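> Here is how the chains run, residue by residue.
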Amino acid sequence: MDLAPGIQSALHPRGPDAEAIAHLTWILIGGGTAILLAVLAIAAFALWAPLERRAWAAKRRFVIGSAVVFPIVVLTALLIYTVVVEASIGKRGGEPAVRIAVIGHQWWWRVHYLDSQGGLDFVTANEIRIPAGVPVELRLESVDVIHSFAVPNLAGKLDMIPGRVNRLRLHAHAPGVFRGQCTEYCGGPHAKMAFYVVAERPEDFEGWRASQRSPASAAQDALTAQGQALFMSHCVTCHTVRGTDARGTLGPDLTHVGSRISIAAGILPNNRGTLAAWVSASQDMKPGNLMPSMNIFSGEELRALAAYLESLK
Amino acid sequence: MAADSGPAPLPSSLPNSLPRPPGELEALRRIWQPPRGFRLVTAINNTYIGVFYIGTAFLFFVLAGVLALLMRTQLALPENNFLGPNVYNQLFTMHGTIMMFLFAVPVVEAVAVLLLPNMLGARDLPFPRLSAFAFWAYFFGGISFFCSLFFGLAPQGGWFMYPPLTTTTYSPGIAEDFWLLGIGFIEISAIAGAVEIIVGVLRTRAPGMTLERMPIFAWAMLVFAVMVVFAFPAIILATALLELERAFDWPFFSPARGGDPLLWQHLFWFFGHPEVYIIFLPAAGMVSMIVPTMAGKPLVGYRLVVLALIGSAFLAFGLWVHHMFATGIPRLSLAFFSAASMAVAIPSAIQVFSWIATFAAGRTQMKTPALFILGFLFTFVLGGLTGVMVAVVPFDWQAHDTYFIVAHLHYVLFGGLVFPLFAAFYYWTPAVSRNALSERVGRWVFGLVFIGFNVTFFPMHVTGLAGMPRRVYTYAPGLGWDTLNLVSTLGAFLIAAGVLLFIVDVARRFRLSFENHAGNVWNAGTLEWLPNGYYANRSIPIVTSREPLWDQPNLAKDVEAGRYYLPGAPTGGRETLITSAIDAKPQWILQMPYYGWAPVTAALFTAACFLLLTVKLIPAALVCAVIAIAALVHWAWELDPGPSHPPVPIGGGITVPVYVTGPSSQSWSAMIVLILVSGALFASAVFSYLYLWTVSPEVWPPADALPDIGYAGAAALLLLLSSASVAYASAALSRDARGRALTALAAGVLLLVCASTVDAYAVWQTGLSPSATSYGAIVYTAFGLQAIYVAVVVFMAFYTLARARAGLLDRARRVTFDNTMLLWHYTVAQGLTGLLLVHGFPRFVP
Amino acid sequence: MIVHTTPFTRIALRIWSGAIIWAIHFTVIYGFAALACARGYADLKVLGMSLVTSGVLGATTLALVAALAIARRALRSGVESFETWMTAGVAGLASLAIVWEGLAAWFILPSCG
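Residue numbers (the numbering used here), protein chains in the order written: chain H, 713 to 1025; chain L, 23 to 868; chain R, 280 to 392.
Source of the hints: derived by calculation from the structure; they are not laboratory data. Values in this document were obtained by computation on a predicted structure and should not be read as measured data. Don't be surprised by glycine CBs; every beta carbon is placed ideally from N, CA and C. Check the hints yourself; a few may be wrong.
To be clear about the criterion: a stretch of chain H counts as covered by chain L if any three or more of its residues have a C-beta under 8 angstroms from a C-beta of chain L, and this derived list gives those stretches [stated by the list, open to error]:
id, region
1, 753 to 765
2, 769 to 780
3, 788 to 798
4, 871 to 877
5, 893 to 904
Computed Cβ-Cβ distance ranges for the label pairs, DEER-style [what the hints assert, rightly or not]:
id, chain 1, residue 1, chain 2, residue 2, range
6, L, A49, H, L752, 53 to 59 angstroms
7, H, W760, L, P671, 51 to 57 angstroms
8, R, G392, H, E764, 54 to 60 angstroms
9, L, G684, H, W760, 53 to 59 angstroms
10, L, V867, H, T745, 50 to 56 angstroms
11, L, V814, H, G960, 53 to 59 angstroms
12, L, L81, H, W760, 35 to 41 angstroms
Produce the complete structure using the sequences and hints provided.
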């Protein structure tokens, strides 16, 4: 996973909606700073200029002019401008190219890619890949408490509220990796509920989508076979690996977990070491999360398990 | 009244002449003598209660500040392991809850309790024992709530406690119930404070202090109190609904059974947004008192500032959804709130520029209070500007729930409350303490706190826009947040150093003194700077200007010599003068109580009852409830003394009664305020019903599943008859037909109880279950609310009958009856509205 | 039962009259928009505009006329008096808020999305 300054920043827009908001932000920052400096200058003048020179600032007319007339002018303009921007967000680009349902759980993201009729295409978790250059529609839901979906590089945030479906448009100009996080306190390790949005060239995205639809690849060697056996005997209550007997839905779908750039909802890079660490000590990495620390494997077993998970590309 | 036309001329001679009779002053001092030693806990004098209140609120400020230091220590480094999520989540929940509920609202009430009577020229607040009760309830309740931290039982839901996270499914155990307990106390305190302040500001002003001559702080507190009346009931209802869901599984917030998590957010923020103006406007009022003194000139634009206070108050009620811009509510609705949020900037701007203009008019003494005012101006204006930024919906979609909001809220709350509060401490200490606070140390405190504050919170604007969410116990390294967080942590310790220095200075120099305080060191112009005693002012002055000490020569001397009204205690007890609401003409004398054990006892056992309920020790809780009610009844029994004394002269040829009944009575006014609170509470319940109907029409019954309309008709008729019965009783009482009056009252009780029984039966016999759907839940809630009012009215009726039996109720002595009657008619109106809603609405609307 | 209003109550209500108009307007436009979006009839066409837009603009016009009338009447009585000055001021501020809130309906289309 790529942690770098700016990949979760509203000031580094990477799509049209985020850009519209960033543009607005700079105007607000500029205007706000100018007004603050003006008020400070007037206050300093009122306090320390020679008494005769500041008599005009001691009049009611000055108060009305600066506190009523000036704000009415500025705020009317601001209101109209910002309401127009508000109306335009999420409305560009025509029909969305892909529809994805993202369902918030305590403390991970279930992701359902939808087909053109709105039915289920395939299931994944904690990572959302989208084609660059076209709008994508997310349907945001929650099964437990209120979460919020925020990927500042691309869009403003939108809450995931049980009982409702909120729709958010994402649109990345160009391929890239963008980080997001849950931004509505959801208890426990809320701080560790993150995700990545990966925008790819449309042809790469199609390739990814096709491979995601396919069931898991079979174990290739003795180590991964051992890992698969361990997985089947310990992990199937909660996890699904399509193409095997693992059909648990309490936790994230792991059919192609090896293809993701992060694990544990965006908080760890994805490699054998972190996979092993997560399995055996998830409570240390993300205290309170709903997967118990499976500290029951020997070192060799862990290596096998991690190798198996890594092979699920 | 002419606008700003300068002081009016005094009457040609002062009301009372010299020399004053011997022993008059000694009697006054003796009568107002407070209790000594440990029995100081029974004191009810507003100066003592005010100081206790401010001290307790400041204690909570420091405690919540320590929690913040712990949080900042954890956040100083990414992936830090100083605190885990369990502890951290309790800390941020408690920090916010304590600051908002146990510090911010109480401290502004406390300053009002301490200063308002003196500022208005009154001897005390109109209901001193009520203030004492409110303070002690807050003290015991707040301390027990804070102690939940030491047992690992502190709530973890965030200070705004959104369900479903805070329902028992996701927050089992009693920690969240502790939050509901803690809030219950501030609800009592705030409503009691509101009653006190409205009646105090409108009816106990010095003669001649018309509304236009009232100090701005008094206006600010009046506006505060009216806002509390309309805002707090929403959170009272919300907390009740959440507790009902937690305790009995009534699904207000559970979508599977027709509930909606957003119902909580609407109720909470309908309270929550006015809450921040409830906190800010009194602080602005303090600033409006301090700036003219520091500049040596009257406030420029008095009427504009009053308009700004009134304008902020009503607009504040139209902003609440700006806390919900990211919830998916329709865009047009969001835009209404965006527009209103911008509109509210104008009254704030009016106040800021009035202060600047006042500075421009004079030569400002750059003492510590002025420094804190300047700090406030910078911080609050910056916070107000970021407020306009987040009022812009698309910008808020990025900033919401990030550290940008943490920055904004601290700039407006710390800037808008804490800086004025420090200014107020330095400014008013000489009026209540033997020594002023140190100027030299004050400058250091200011420097440390101001620089520390900006170092802590300014970077958070950047941290938030760089993507760091709120309420996170740690964060990933390398996202551009690391240095910013470290800097913020260092700033927090600077603030702590400043506060510590302040505490040291207060400990060294503050010595409470009624009679030997440091004096009018700033040469201020308002009445709280008159020479004082336990009795406040020796005589109650006539006021002819907004700055009486500036414009009325010899005022202080003449007041102290007893030349003005009421220089002694003509009834032999504690008194203050009641004046008319608009022109402040003397009307009657209010006889006031002595100190006693009832308020503190009632408060202690009320707090104990709630605490025991929270830990589910029900029998013990009931025992405490009984004791608390006994203390309250004992206290109440001394009220309504009747015309025990003939009218007394107060000076200037004026003789006034010492007891009145009817709309002029302070008791009647207090009941009206309570009725407004009740109306707002019921309106919140009606809103909840209509809201749930809007979002979950599928759980609403069709017209034929409702109870037969005959039930509603019968209940309505019984309610109306009970009202008629009480009206008859009132008329009979004024004709001195006591027997008939009491019979009618008893009949009214029967009718009222029958009405409720019919209503209950009507709903119950349909088989409606309160836990099956949100419809059932809200119907039973509406009924429950009505039942509580019926129970209270019935209790008051029996109490009234008991008074009559004891010979304490008759044609002239009927305040007890009138209070019962007022609440009765309200309860009937509430009941009728409830019947219309529950039985009528689903029939009229498809 | 006859409700007694003291001079204070009458004067307070008069001063607040502009604010009361604002509050009623706000409740109506917010409630109406919310209900229409929740029940799905927001986009019915009235006078070439959506139901919500026309409803909001209609309510805004009425409220603005009422608030401005209050302000004008108070100004006519002369603003030396505290009561008329405050009545006019409150009504003026309320009018501004009413206009800004109504303005939104002109620009946010469709209303519910």
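> If a hint holds in the structure, say so; if it doesn't, say that too.
Evaluated hints:
no. : hint                                  : verdict
1   : 753 to 765                            : holds (count 6)
2   : 769 to 780                            : holds (count 10)
3   : 788 to 798                            : holds (count 6)
4   : 871 to 877                            : holds (count 5)
5   : 893 to 904                            : holds (count 12)
6   : A49/L <-> L752/H: 53 to 59 angstroms  : holds (55 angstroms)
7   : W760/H <-> P671/L: 51 to 57 angstroms : holds (54 angstroms)
8   : G392/R <-> E764/H: 54 to 60 angstroms : holds (58 angstroms)
9   : G684/L <-> W760/H: 53 to 59 angstroms : holds (56 angstroms)
10  : V867/L <-> T745/H: 50 to 56 angstroms : holds (51 angstroms)
11  : V814/L <-> G960/H: 53 to 59 angstroms : holds (55 angstroms)
12  : L81/L <-> W760/H: 35 to 41 angstroms  : holds (38 angstroms)
Every hint from the earlier list agrees with this structure, and none is contradicted.
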